[in-house]
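*Asks:* Sequences are here, hints too, so could you generate the full structure?
2 protein chains.
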Amino acid sequence: MKKSILFLCSFSFLGNILCAQNLNIAERLGYSKDAKLLIIHGDDLGVANSQNRASIKALENSPVNSASIMVPCPWFPEIAAYARKNQNVDFGLHLTLNSEWDFYKWGPVSSKDSVPGLVNKDGYFFSSVDSLQMQGTAQEVEIELRNQVKKAYKAGINVTHLDGHMGAAMSRPDYLEAYMRIGKEYGLPVLMDKRVYDIPNDAIQKLLGPNTVLADKILSASPATFDAGMEEFYTNVLTTLEPGLNFLILHLAYDDDEMKAVTVNHPYWGAKWRQADFDFFTSEKCGALIKKQGIVLVTWKELRDKIVRADK
Amino acid sequence: MKKSILFLCSFSFLGNILCAQNLNIAERLGYSKDAKLLIIHGDDLGVANSQNRASIKALENSPVNSASIMVPCPWFPEIAAYARKNQNVDFGLHLTLNSEWDFYKWGPVSSKDSVPGLVNKDGYFFSSVDSLQMQGTAQEVEIELRNQVKKAYKAGINVTHLDGHMGAAMSRPDYLEAYMRIGKEYGLPVLMDKRVYDIPNDAIQKLLGPNTVLADKILSASPATFDAGMEEFYTNVLTTLEPGLNFLILHLAYDDDEMKAVTVNHPYWGAKWRQADFDFFTSEKCGALIKKQGIVLVTWKELRDKIVRADK
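Going line by line, the protein sequences match chains A and B. Quick note on UniProt numbering: the first sequence kicks off at 1 and runs consecutively. Quick note on UniProt numbering: the second sequence kicks off at 1 and runs consecutively.
In short, the hints are calculated from the structure, not lab data. Among the hints, a few may not be true.
Heads up, the list lumps identical chains together, so a pair's fine if it works in one copy or across two of them.
As the list claims (entries may be wrong) - Computed cross-link-like contacts, DSS-like style, restricted to lysine-lysine with a CA-CA straight-line distance of at most 30 Å:
1) Lys121 to Lys85
2) Lys57 to Lys272
3) Lys292 to Lys150
4) Lys292 to Lys184
5) Lys217 to Lys291
6) Lys57 to Lys150
7) Lys206 to Lys85
8) Lys194 to Lys150
9) Lys285 to Lys272
10) Lys285 to Lys151
11) Lys285 to Lys36
12) Lys260 to Lys36
13) Lys184 to Lys121
14) Lys112 to Lys150
15) Lys112 to Lys272
16) Lys272 to Lys312
17) Lys33 to Lys57
18) Lys260 to Lys151
19) Lys285 to Lys312
Everything numeric in this text was worked out from a predicted model, so none of it was measured.
*Replies:* Okay, structure coming up:
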């Protein structure tokens, strides 16, 4: 099945376009039309040593099959060195415009003078997306996002996709346009779902095309599901997964001294939350459930190479 | 004794000058001429959460009585918040021009465009002092050091002194001049010893005066003493301490996952070294030895207020 579709599609550029129009993402990757595709994705790599260690362990020993890196963070050099040596591990960039923790901070990759609207009075990124939106121009956002992508390539990372920390890079139409434009220029899928079609903005609509990858569903734990229990939530996610491209966002770290200090005063998305993500996805139960449910694990690398760069 | 000397010295500005010329540092602080003064000082606060936690614990529960903070480091906001709330704890600034660890990095407080000679191709401070010396102008060093001092005051730190990470700020005569000038302007003692008198540089000699505080001896562990055993080294330091102003440099942190990762590939000044410093100086043995040897613990705050700012 996989081979024959690829064969049909490889005849010509026209063939690709026709395929793109007629086949859904699952089929274009070589799976059945109604396959339940899932990317199990770790966010926030580079933020802390604890996050790097736990995420690497999960990527090497669990169904977690993709992750994204925060280029401006202090531990970026550690995860960049790992990514450079492990070109087949699926690493994207968690494009970062905020520094949200109370006592541990970072700022832009760009020279601060070139992006004054992205930094607070202490020279760090703003804690909240709201503050960013009030101060940062789309031009500054684009400068900074480009510099993060350039730095990642310079560090030798085989970048498979772009997504955005705290959704900041997608939080205003003009930021979203910059984010999509950079993805397009580098031939990278960018995390978005199909609601992007509803945005009444010509520039954004023009950046969509037959090789744009859009998720059917973006799933993640919430404060309510954390309070109710992570195991129950993730079990439910896996047992009720629907056909289409599903993207599940995790935050993998240990509930250790460093992570407790990084996330102090933040019970949600804190050290216990991250340990719970790690515990469930490295459990035997999780692996067995994925198998039982017939879930097809796919990576951003496949989406990048077989769809976004299909015509290259 | 203490009172009478202060009384004599408080008559007039002239009195202070005469006192400064005739009395040594111990006497100016109110101790006997041959007192064995000691500052037990933790370096590198702000570099990591482990360093902050261990240093705070030692400052609160041991003879360690002074420490200095690295303003450009990611954990600066944590130690700055502690310093703001604990104005009587003796905190200086560990002025920083290098980022020496392999996989965990920071850069200048200043906008990078304003100090291009201080950053490497990845936008971080240079790993080595040698590289800094080859690229960084004294003007750039002065801009960055001033911005670190300004940021510390803005954060509410009661700055008691200046010293320099890896000795970088004192590693070239023109850097040293900037470092001394900033100390003078802010009325802060800066760590130097009496060899500064031997530097054939008019600008540096002009920055010295009767209220300059110079250490008689700056003591610290070395790779050789680490290999031979830290307990033996520090026991020897305390039992052979000579009269005068002695400054003992420690690096207090835990041998935990974070610190191991920060200092990976660096057996010296690494996590075990820092744990050994912490263990000895928080031990009962250390406290008893200081008492037995008649060592007088003094702080930079005393030196700042009673000597450097004597005429203010």
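*Asks:* Does each hint fit the structure? Answer for all of them.
*Replies:* Each hint, compared with the structure:
For a Cα distance limit of 30 Å, the shortest separation of Lys121 from Lys85 across copies, 20 Å, qualifies, whereas the shortest one inside one copy, 38 Å, does not. In the homo-oligomer, the alpha carbons of Lys57 and Lys272 lie at most 30 Å apart both inside one protomer (17 Å) and across protomers (25 Å), since each shortest distance falls under that limit. Taking CA atoms no more than 30 Å apart as the test, Lys292 paired with Lys150 passes in neither setting, with 41 Å inside one copy and 60 Å between copies. Taking CA atoms no more than 30 Å apart as the test, Lys292 paired with Lys184 passes in neither setting, with 37 Å inside one copy and 72 Å between copies.
When the C-alpha separation of Lys217 and Lys291 is checked against a cutoff of 30 Å, the pair qualifies only within one copy, where the shortest distance is 20 Å, while the shortest distance between copies is 68 Å. In this homomeric assembly, Lys57 and Lys150 come within 30 Å of each other (Cα to Cα) only inside a single copy, at 27 Å, whereas the closest approach across copies is 42 Å. Taking CA atoms no more than 30 Å apart as the test, Lys206 paired with Lys85 passes in neither setting, with 37 Å inside one copy and 54 Å between copies. Within a single copy, Lys194 and Lys150 get their C-alpha atoms as close as 28 Å, which meets the 30 Å cut-off; across copies the closest is 48 Å, which misses it.
Taking identical chains as interchangeable, the C-alpha atoms of Lys285 and Lys272 lie at most 30 Å apart only when both belong to the same chain, with a minimum of 20 Å there against 38 Å between chains. In the homo-oligomer, the alpha carbons of Lys285 and Lys151 never lie at most 30 Å apart, since the shortest distance is 38 Å inside one protomer and 50 Å across protomers. In the homo-oligomer, the alpha carbons of Lys285 and Lys36 lie at most 30 Å apart inside one protomer (19 Å), although the nearest pairing across protomers, at 65 Å, exceeds that limit. When the C-alpha separation of Lys260 and Lys36 is checked against a cutoff of 30 Å, the pair qualifies neither within a copy, at 36 Å, nor between copies, at 42 Å.
Proximity of Lys184 to Lys121 under the C-alpha cut-off of 30 Å is restricted to the inter-copy arrangement: shortest distance 27 Å between copies versus 34 Å within a copy. For a Cα distance limit of 30 Å, the shortest separation of Lys112 from Lys150 qualifies both inside one copy, at 17 Å, and across copies, at 17 Å. Taking identical chains as interchangeable, the C-alpha atoms of Lys112 and Lys272 are never at most 30 Å apart, the minima being 34 Å within one chain and 37 Å between chains. In this homomeric assembly, Lys272 and Lys312 never come within 30 Å of each other (Cα to Cα): the closest approach is 44 Å inside a single copy and 52 Å across copies.
With identical chains, the CA atoms of Lys33 and Lys57 are never at most 30 Å apart, being 32 Å at best within one copy and 60 Å at best between copies. Taking CA atoms no more than 30 Å apart as the test, Lys260 paired with Lys151 passes in both settings, with 29 Å inside one copy and 26 Å between copies. For a Cα distance limit of 30 Å, the shortest separation of Lys285 from Lys312 qualifies neither inside one copy, at 40 Å, nor across copies, at 71 Å.
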